[in-house]
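Let chain B serve as the given structure and place chain A on it in line with the hints.
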Amino acid sequence: MSWSWRLILRRLSAKQFSFSLLQPAGTGRFLLRLLALWATTLHAAQMPASEVVDYQQQIRPLLVARCIGCHGPRKQQAGLRLDAPAALRRGGDSGSVIVPGDSGQSLLLQRVVAVEAGKRMPPRGVPLSVVDIQLLRDWIDQGAVMPALVAETERHWAFRRPRQHSPRAVEDLVWGRNPVDQFILARLEAEAMRPARDASVGVRTRRVYLDLLGLLPSWQTVKQQQASRDPDRFERLVDHVLASPRYGERWGRHWLDLARYADSTGYESDRPRVIWMYRDWVIDALNQDLRFDQFVRQQVAGDLYPAATPSQRIATGFFCNGMYDPGVRWEHIIDRLNTVGTVFLGLTLGCAQCHDHKTDPLSQHEFYQLYAFLNEAKMTTVRREHGKLIAHPPPDSATTGNKPADEIMTTEVLQHAAQPTHVFVRGDPAQPGTRVVPGFPAFLWNLSSKATKQNPDRLDLADWLVAEQNPLTARVTVNRVWQRLFGLGLVPTENDFGMQTPPPSHPALLDHLAIQLQRPYWRGLKSLLRTLVTSATYRQASAVHPQFALRDPDNRWVSRQRRLRLEAEVIRDVWLQAGTRLSSKMGGRSVFPEQVAGVLENRATPATWTPSQGEDRYRRGLYTWVWRLTPHPMLPLFDAPDGVAACTNRDRSNVPVQALSLLNDPALVECAQSLARSVAHGDRRGDSDRLESLMRICLSREAHPIESKVLLPLLQQQRSELRADLSLAAQIVAQSDAEPRSQDAVWVVETAAWTVVARVVMNLDEFITRE
Amino acid sequence: MTPLQMLTRRQMFRSGTFTLAPLALASLRQQEVMGATQPTSPLPPQVPHFRARAKSVIYLFMIGGPSQLDLFDPKPELLRRDGEVLPDSLLKQAKFAQIQEKQPKIMGSPWSFARHGESGATVSELLPHTASIVDQLSFVKTVKTDDTNHMFAELLINTGWRQFGRPSLGSWVVYGLGGEAANLPAFLVLRSGMRPRSKRANYGNGFLPSKFQGTPLRSAGAPILNLSSPPGFTRRRQRDSIAAINALNRYKLESSGDDEVAARIASYEMAFRMQTAAPELLNLTGETAATLRAYGIQDTSRPSFARNCLLARRMVERGVRFVHLFHGDWDHHTNIAGGLPSQCKQTDQASAALVRDLALRGLLDDTLVVWGGELGRTAVAQKSNKENVAVGRDHHIDAYTMWFAGGGTRAGYSIGSTDDLGYFPVEDSWHVYDLQATVLHLLGLDHERLTYRFQGRDFRLTDVHGNVRYELFT
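Top line first, the protein sequences correspond to chains B and A.
To convert, count from 1 in the first sequence and add 1260; that's our numbering.
To convert, count from 1 in the second sequence and add 49; that's our numbering.
Keep in mind the hints are simulated off the structure, nothing from the lab.
Where hints are given, some of them may not hold.
Claimed, not checked - Not everything, but these chain A residues come out facing chain B in the computed CB check (under 7 Å):
no.: 1; residue: 147
no.: 2; residue: 249
no.: 3; residue: 280
no.: 4; residue: 290
no.: 5; residue: 298
no.: 6; residue: 300
no.: 7; residue: 301
no.: 8; residue: 306
no.: 9; residue: 309
no.: 10; residue: 310
no.: 11; residue: 312
no.: 12; residue: 317
no.: 13; residue: 323
no.: 14; residue: 326
no.: 15; residue: 328
no.: 16; residue: 505
As the list claims (entries may be wrong) - Here are the simulated lysine-lysine pairs, BS3-like style, with alpha carbons at most 27 Å apart:
no.: 17; chain 1: B; residue 1: 1379; chain 2: B; residue 2: 1335
no.: 18; chain 1: B; residue 1: 1483; chain 2: B; residue 2: 1969
no.: 19; chain 1: B; residue 1: 1845; chain 2: B; residue 2: 1379
no.: 20; chain 1: B; residue 1: 1335; chain 2: A; residue 2: 144
no.: 21; chain 1: B; residue 1: 1786; chain 2: B; residue 2: 1845
no.: 22; chain 1: A; residue 1: 141; chain 2: B; residue 2: 1335
Predicted, not measured: the structure shown is a model, and the values here were computed from it.
In this text, a Cβ means the ideal position worked out from N, Cα and C, and glycines have one as well.
If we strip away everything but chain B, and leave its shape as in the complex, we get (with noise of 0.2 Å):
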């Protein structure tokens, strides 16, 4: 209800906006006042005087998060322990630590409050912030309500199910614009911080373009969104954005990396593989803005769908990607399952491959009972013709990564093989313990539906991983999402949602966000993102706030958006995109394009790498051939996933050989040489009118004066020196046979210099960076 209002305001304050103008100042302004004070008294009426505080929610994971270093477990300073409910009303040395009913009374509370540096608790690091200490206090002055007996594993935050919460009143009712940045917004004001202003229409235009679809606006895109008066006009842009196919070429590569994709096994022997039809898959069933239930329900067990179509079956190869040797199959099991639990649960399920889980309720019978879903299956390799799956043997072993034309159109599936499966006595395969047939562990939730169902199987799986009761595929989901458009999750362990996990930086956002995906029923990627990116958080400006960064050098209250450089393969997408020479081919095999000589030497199996011709050469870098062992030098370089296990958060390295690459890389330099030569010949004149198009195009903006001034002496030094050494500028110029011979001195000296000054902006930190 009060959400409402605040977006009758905000409509309100738009026009009220472009009304002003118009006006004497200050009319505008008033009656936008009144509005608001008629909105907060509204608000104030339907709100409680302070909220009733959730020990488990809100108190707990407060005092795990900060206390039980000295107060927990392991230690028990002063003989008090403050993670479970009994020790917390027992207290300490010094008796009791809370007078439920009265804060002033309660030694909890008089210490974390304590101004002399000898009695704060705790000792070390920052106090506890304003907001923390009042949810203690009301929680103290509620009565302390804590449950008598919680079962360990209720006790963890992201074990329970989502929960609707409504956000905090917050002061400030103009800047947000949808429930999102109500929740942030209450977190900042309670942190007395204030989010930053908006960036420019530009500079959204270009984070939404790389964030949503890895690709750089055009200089037109830009201008029509300056121009336009309408107040949707971003909203606008983000469907006209999300109805794009490089939509689902961009998050498809996020997918991938969870996925493990590649070209190759893996291992020393590191075989090439055919498996770019599951790509594909990815990519279109992102485009259809499939429902994430059935996008997962179909890559975990498509195949046994009844009358499986053949793009169901192809989803499967989502376990099929990974390592392979086929003397090891159990290590590819295990890869599968700790995929699911890295996945969909944000859980190590790893650890209990050996032992009983030390830090998760999770038992290693409960581990291979998991298993079990993914032993009975086995990976087999189809044909497809006609728009059919046919049985194909398995390609030769010998052949290569460039595959005849033949078999390209084949790719691993997997299909349900009986199998039966014992417990790993120590994690060793050789020695198999007891027998188990699938199940589910008992510490999540139960599949009630299906529970009598005597032989579950991985369809089951599927099931119970995006049926309602589940708590964590959800969150998770959302969580990563957040991460990739903000730079850090609200859960900073976006690969560990376990019992050592903090409580979130926004827990009822979080929540909200899940359930907006996952209730009434599941919905596609799509809507999330774009509630997402056109909240006002989103639309933040990234500078640092010198002082906020002090307080929140993470920047986790969100106080601005953040400054996030481009992953391996994008980063060369944008400079193909800017030299004109990317191709929007979509899908099919997997290319080769150049590569310097010498990745390949050293390894134990030969591999081929012929570089493709004509538009292959430019194909988006997620088209790029992935040998596990030796991938192409630039992924790597810019931390792109090594496909061992599944990626949940690309590194962002920061080094000098990664200069030396977007500098020397012929791949690269051939980029900013055709770049060049679109405008030093294009259709403007002079050097301010090119070098303002160059910017535009690289950086969807003016030149500022200040960088003019460095680019255009630049460009008259380097005209003035080539012009001296016209052999010099026809090697940068690097004339290929293709074009006609031009024989003037004047166009190879433009040319060359125009490169020089192209390649200088392709070099900038801002290029290969989402602002």
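Same frame as chain B, but now just chain A:
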């Protein structure tokens, strides 16, 4: 640079007008023109807290946990009681990673040991080359860590914290001391074999500014690619281009306040310098046949632990502060009889050659060499029923062996001893925090004063732990 200085600099960027552009262009040019004066490193040398014994570190990190009981710490008692069940008293305290057997059996070392050198250090037959240099080494036989999991144990020994997010030892060192080499990164990372389990965190900058992270070289093919400028780009043209890039990046740094831009600027300056310095560093044709033979390098174009050791020497020779060299896998849960000799064969000769070579060139006094892994291995066997697959040893964290050479450490010396079953220390336990404090001390850094303010708190590598172990010093 103290955090305060950095902050002031950032504030200056924010408040001041942008006047650096022409200067920046000039600065690289000037450095080139004024050939006489040494150009400064992007991480200029800093004054240590006190007199440094060592200038640089080569850290031979043995991923996976080499078996101290089969290499350096012989236990005849294990042989005598081979096959017996581990006594209850020990079993109760044991923290195994994988062994679940109720009654694990003691395993004597299948390899023989002998005393070597004047110091009479005992070394296994698996390491004949290391045995030949024992008089130059100090062994610490009682290193202790806290986590039986590789990933967390790696993080603990290399970052002082069992979770991700803290700066690595190398990053702390270059934060404290800067670099001596103007033309090479101050912190370089080499690898042969597997990747360490906690990957980049082992040489990452954590919350320290981004420019302090280690630069990894490629482990396959050429160690560094794209060292030549494109055709037509003379050195002067490349320099002018980079000067322009950095002038504009400085402007970006000013407007964004983003530390990553500062690191990018440093990277481009360094990349320019590396274009001449790195080919010279990587070019091994100047090394004599005798040197290559000593390290056991047959083919200089082929990546190997041995080639990395030689490169490490060349790096410190050229003023690189910290070389972190990774090699693995030493994780011999099963088939230790096959796996351990093979790892030793890959590393023994070159490790010894490195120490000897450094000594010959007079570099050992200034260079601290550290050899060891993130954990050790158990006195009991871990069984495998696989046919023809022998037993191995599980992870052991209470006492394992590392060795040190040069950099102001004592030579021909052994510290700490373990009980008859090689289980617990009987004297001088060295927690990995002590190791960190001691390494910093040798470099002239006080581990309690080398701090960085983050989230309102002064952090340090050793957290609230760590004792400098002076007994290691000459």
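Item to check | Indices of hints not satisfied (ascending) | outcome: 14, 15 and 19
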